[in-house]
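> Residues per chain, in single letters:
Number of protein chains: 2
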Amino acid sequence: MARPVGRRGETRERILAAALELFAENGVHGTSLQQIADRLGVAKASVYHQFPTKDAMVVAVVQPATDAVGALVDEAESIADRAGQLDVLLRGMVDLVVEQRTLAAVLHGDPGVEPVLRAFTDLPGRVQRLQDLLLGADPSPARRVALSVLGGGLMLSGVDPLLAGLPDDVLRRELLATARQLFH
Amino acid sequence: MARPVGRRGETRERILAAALELFAENGVHGTSLQQIADRLGVAKASVYHQFPTKDAMVVAVVQPATDAVGALVDEAESIADRAGQLDVLLRGMVDLVVEQRTLAAVLHGDPGVEPVLRAFTDLPGRVQRLQDLLLGADPSPARRVALSVLGGGLMLSGVDPLLAGLPDDVLRRELLATARQLFH
Numbered sequence: 001m002a003r004p005v006g007r008r009g010e011t012r013e014r015i016l017a018a019a020l021e022l023f024a025e026n027g028v029h030g031t032s033l034q035q036i037a038d039r040l041g042v043a044k045a046s047v048y049h050q051f052p053t054k055d056a057m058v059v060a061v062v063q064p065a066t067d068a069v070g071a072l073v074d075e076a077e078s079i080a081d082r083a084g085q086l087d088v089l090l091r092g093m094v095d096l097v098v099e100q101r102t103l104a105a106v107l108h109g110d111p112g113v114e115p116v117l118r119a120f121t122d123l124p125g126r127v128q129r130l131q132d133l134l135l136g137a138d139p140s141p142a143r144r145v146a147l148s149v150l151g152g153g154l155m156l157s158g159v160d161p162l163l164a165g166l167p168d169d170v171l172r173r174e175l176l177a178t179a180r181q182l183f184h
Numbered sequence: 001m002a003r004p005v006g007r008r009g010e011t012r013e014r015i016l017a018a019a020l021e022l023f024a025e026n027g028v029h030g031t032s033l034q035q036i037a038d039r040l041g042v043a044k045a046s047v048y049h050q051f052p053t054k055d056a057m058v059v060a061v062v063q064p065a066t067d068a069v070g071a072l073v074d075e076a077e078s079i080a081d082r083a084g085q086l087d088v089l090l091r092g093m094v095d096l097v098v099e100q101r102t103l104a105a106v107l108h109g110d111p112g113v114e115p116v117l118r119a120f121t122d123l124p125g126r127v128q129r130l131q132d133l134l135l136g137a138d139p140s141p142a143r144r145v146a147l148s149v150l151g152g153g154l155m156l157s158g159v160d161p162l163l164a165g166l167p168d169d170v171l172r173r174e175l176l177a178t179a180r181q182l183f184h
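Protein chains in written order, with full-length UniProt numbering: chain Z, 1 to 184; chain X, 1 to 184.
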C-alpha cells in the first residue's frame, strides 16, 4: 500500500481551506463540491475521493476547533481555583478565535452547519461544557447576557471588516481585555 | 380598483413572518418560495403574487430594521453632546435587538443576505453611519474591538438559547448594562 501520504495530506488540507473560504462566502447550503473543485482547479472526483459528502467536509473543517475546545475544557476542569479557571477559559476562547478567524463566524452564523455538528461531532457538547464552566452554578440574568454577548461577539469578530487591519497580537490583546471586562 | 386592502396587507405580513422563520431555520439560500407557501398552507402563486423574487422578500423582511436604523442615526446626529449621543445610540441598538430578536441574527449570520442588502436597501449604509458615530474620530484598536464584540454580541443574543427564557424587559436592561460597560 505505497500511497503518496504526504501529497494526499496536502490535497486534503487544500480542499479544506477552499471549503472554508467558500462556506464563509456563500454559506454551507450555497456551496457545492463542484464549486470547491473549481476553486482548486481540480476534477470533482478528486474532492469526492477525499470527502464523499459535504457533511463529511463540514466535520473535517471544524475538527481543529472540536479538538481545541475539548482540550481547553479538560484543562479548565482540572483547575480548582475559580479565578484561575476563568482566566484559562477566557484566554483559550480568545486564542481560538484569533487562530481560526474565519471558522468561528462560519460555525456561528450558518444555519446549515448546526445540524451536521450535532449529528457527527462532539463540538456542541464541548461548547456546552465550556458554557457551563463559564456560567458557574445558578447564573444571574446579567451573567447570562454577558456570556451571550461575549460569545457572539468573539465568534463574529474574526471576520468583522472593522478589525480586518488589526495584527493578530493586537486583536488577541484587545479581545482578552474586552472579555475580562465583561466577565470579571 | 376595489382591492381587499386589509386582507392583502394581512397576507403580506403572514408571508413575511413565515419567510423570517424559515430564513432563521435554513438560511436564505436554503429557503424557497415553495417552502414559504407550504408553511402557510397557501399556493405558491399567492406568495409569488406579493413577492416575485426571494430578493424582494429579503428586502421586505429587513425594511423595519432599515427604517429603525435610519431614524436612530438621524436622531443621534442631531445631538451635540457626545455622552448623550452615545446613550441614544446604545439604547436604540438594544431596543432594535429586543424588538427584532430573530431578524438581527438572520441579518448578521447569513452569507446570502449581505449582497441583497447592498444591492437593494439602504441598510448597510445606515449601519455604517451608526458605526462611524459610535467610533468617533480616530478610534483606538481597543475601541474598534469593543464595538465589534458589542455589535456581534447584540446581533446574536436575540436568538441565543441561553437567553431564550429571559423576558424582554430583563433582556433589554441587561443588554444595555453590558453595552454601557463595553462602551463607556
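Hints in this document: simulated from the structure, not taken from any laboratory.
Fair warning: this is a prediction, and the values are worked out from it, not measured in the lab.
Be aware that a few hints might be false.
Chain copies aren't distinguished; within one or between two, either way the pair holds.
Taking lysine to any residue pairs in the SDA-like style, the calculated list, with each CA pair at most 25 Å apart, reads [said to hold, decoys possible]:
#1 LYS54 - ARG91
#2 LYS44 - ARG172
#3 LYS54 - GLU114
#4 LYS44 - PHE183
#5 LYS44 - ARG14
#6 LYS54 - ALA83
#7 LYS44 - ARG180
#8 LYS54 - ASN26
#9 LYS44 - ARG82
#10 LYS44 - GLU21
#11 LYS54 - ALA142
#12 LYS44 - LEU176
#13 LYS44 - LEU96
> For LYS44 vs ARG82, is the C-alpha pair at or below 25 Å within one copy, between two copies, both, or neither?
neither (51 Å within a copy, 56 Å between copies)
> Under a CA distance limit of 25 Å, which applies to LYS44 and PHE183: within one copy, between copies, both, or neither?
Intra 47 Å, inter 49 Å, cutoff 25 Å: neither.
> With identical chains treated as interchangeable, where does the CA-CA distance between LYS44 and LEU176 reach 25 Å or less: within a copy, between copies, both, or neither?
neither (42 Å within a copy, 50 Å between copies)
> Between copies, within a copy, both or neither: which fits LYS44 and ARG180 at Cα up to 25 Å?
neither (46 Å within a copy, 51 Å between copies)
> Are the CA atoms of LYS54 and GLU114 at most 25 Å apart within a copy, between copies, both, or neither?
Intra 13 Å, inter 23 Å, cutoff 25 Å: intra and inter.
> Using 25 Å as the alpha-carbon threshold, which applies to LYS44 and ARG14: within, between, both, or neither?
within (14 Å within a copy, 42 Å between copies)
> Which holds for LYS54 with ARG91 at a C-alpha limit of 25 Å: within a copy, between copies, both or neither?
neither (32 Å within a copy, 42 Å between copies)
> If the cutoff is 25 Å on CA atoms, where do LYS44 and GLU21 land: within, between, both or neither? Let me know, please.
within (17 Å within a copy, 34 Å between copies)
> Classify it for me, LYS54 with ALA142: is the Cα-Cα distance of at most 25 Å met within a copy, between copies, both or neither?
neither (39 Å within a copy, 38 Å between copies)
> For LYS54 and ASN26, with the copy left unspecified, which applies at a CA distance of at most 25 Å: within, between, both, or neither?
Close inside one copy (14 Å) and across copies (16 Å); limit 25 Å.
> Give the relationship of LYS54 and ALA83 under a CA distance limit of 25 Å: within one copy only, between copies only, both, or neither.
The answer is neither: 41 Å in one copy and 50 Å across copies each exceed 25 Å.
> Within, between, both or neither: how does the pair LYS44, ARG172 come out at a Cα-Cα threshold of 25 Å?
Answer is neither: 38 Å inside a copy and 49 Å across each miss the 25 Å cutoff.
The structure fails to meet hints 1, 2, 4, 6, 7, 9, 11, 12, 13 from the earlier list, while all remaining hints are met.
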